[in-house]
Amino acid sequence: MNYVSYFRFLILAPIAMVFVAVALDFSYTFPESVNGYYGQLAADGFSSLYNAYLVLAVMAFIADLMMLFFIAHSREIWIVLISAFYIVASLMPELTIMSPFSIVLVQIASLMAGLKISLAYLSPAIRDLF
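For the sequence shown, my numbering begins at 6 and goes up steadily by one.
If you're looking for bench data, these hints aren't it; they were derived computationally from the structure. Ideal Cβ placement from N, Cα and C applies to all residues, glycine included. Wrong hints could be hidden among the right ones.
Claimed, not checked - Across the chosen pairs, the derived CB separations fall in these ranges: (1) 46 with 130: 17 to 27 Å; (2) 38 with 73: 32 to 42 Å; (3) 105 with 129: 32 to 42 Å; (4) 119 with 75: 15 to 25 Å; (5) 39 with 127: 36 to 46 Å; (6) 75 with 106: 28 to 38 Å; (7) 8 with 39: 39 to 49 Å; (8) 40 with 84: 20 to 30 Å; (9) 81 with 43: 15 to 25 Å; (10) 130 with 36: 40 to 50 Å; (11) 50 with 123: 35 to 45 Å.
Let's have the full structure, built from the sequences with the hints guiding it.
Written out as C-alpha cells, the structure reads:
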C-alpha cells in the first residue's frame, strides 16, 4: 500500500468535501426566515468571533496544504489551528445553518481529518517524512 498517496487523499478529500458542502448551501433553498436571518446579520455586520472563525478555517486549510508537502511542524500547527477553530465555532453567537447533506459532508470530512492526523503521528511510513 502506498501510504503517501493514502495520506494525501486524506488531506485533499476533506478539503474538497467542505467546498462541495459550501456550494450545496449556496444552491439549497432555505426557508425565508433563514434567508432573512443571514440578510440581517450581513446588514448588521458579523461578530468578530465569526470573522476569527473564518480566518482560522482558512489558516487550517493552509496548514493542510503544508502537511500535503510534509513541511516540518505542520502537524502541530494544524492541531493548534483546528482546536482554535472548534473553540471559536462553539463560542460564536451566529447560528450555522446548513443543508442536511452539507452537514453530513462536513461531519465525514471531520472524521477523515482525525484519521489523517492519527496517521501522521502513528504511521512510521508517514511520520518519518515530516
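Hints, one by one, checked against the model:
1. 46 with 130: 17 to 27 Å: About 46 Å separates the Cβ atoms of residue 46 and residue 130, which means 17 to 27 Å is violated.
2. 38 with 73: 32 to 42 Å: holds, 40 Å
3. 105 with 129: 32 to 42 Å: Holds: the Cβ-Cβ distance is about 40 Å, inside 32 to 42 Å.
4. 119 with 75: 15 to 25 Å: holds, 19 Å
5. 39 with 127: 36 to 46 Å: holds, 41 Å
6. 75 with 106: 28 to 38 Å: Distance hint for residue 75, residue 106 holds at roughly 33 Å.
7. 8 with 39: 39 to 49 Å: holds, 43 Å
8. 40 with 84: 20 to 30 Å: violated, 36 Å
9. 81 with 43: 15 to 25 Å: violated, 35 Å
10. 130 with 36: 40 to 50 Å: holds, 49 Å
11. 50 with 123: 35 to 45 Å: holds, 39 Å
The earlier numbered hints that this structure contradicts are 1, 8 and 9.
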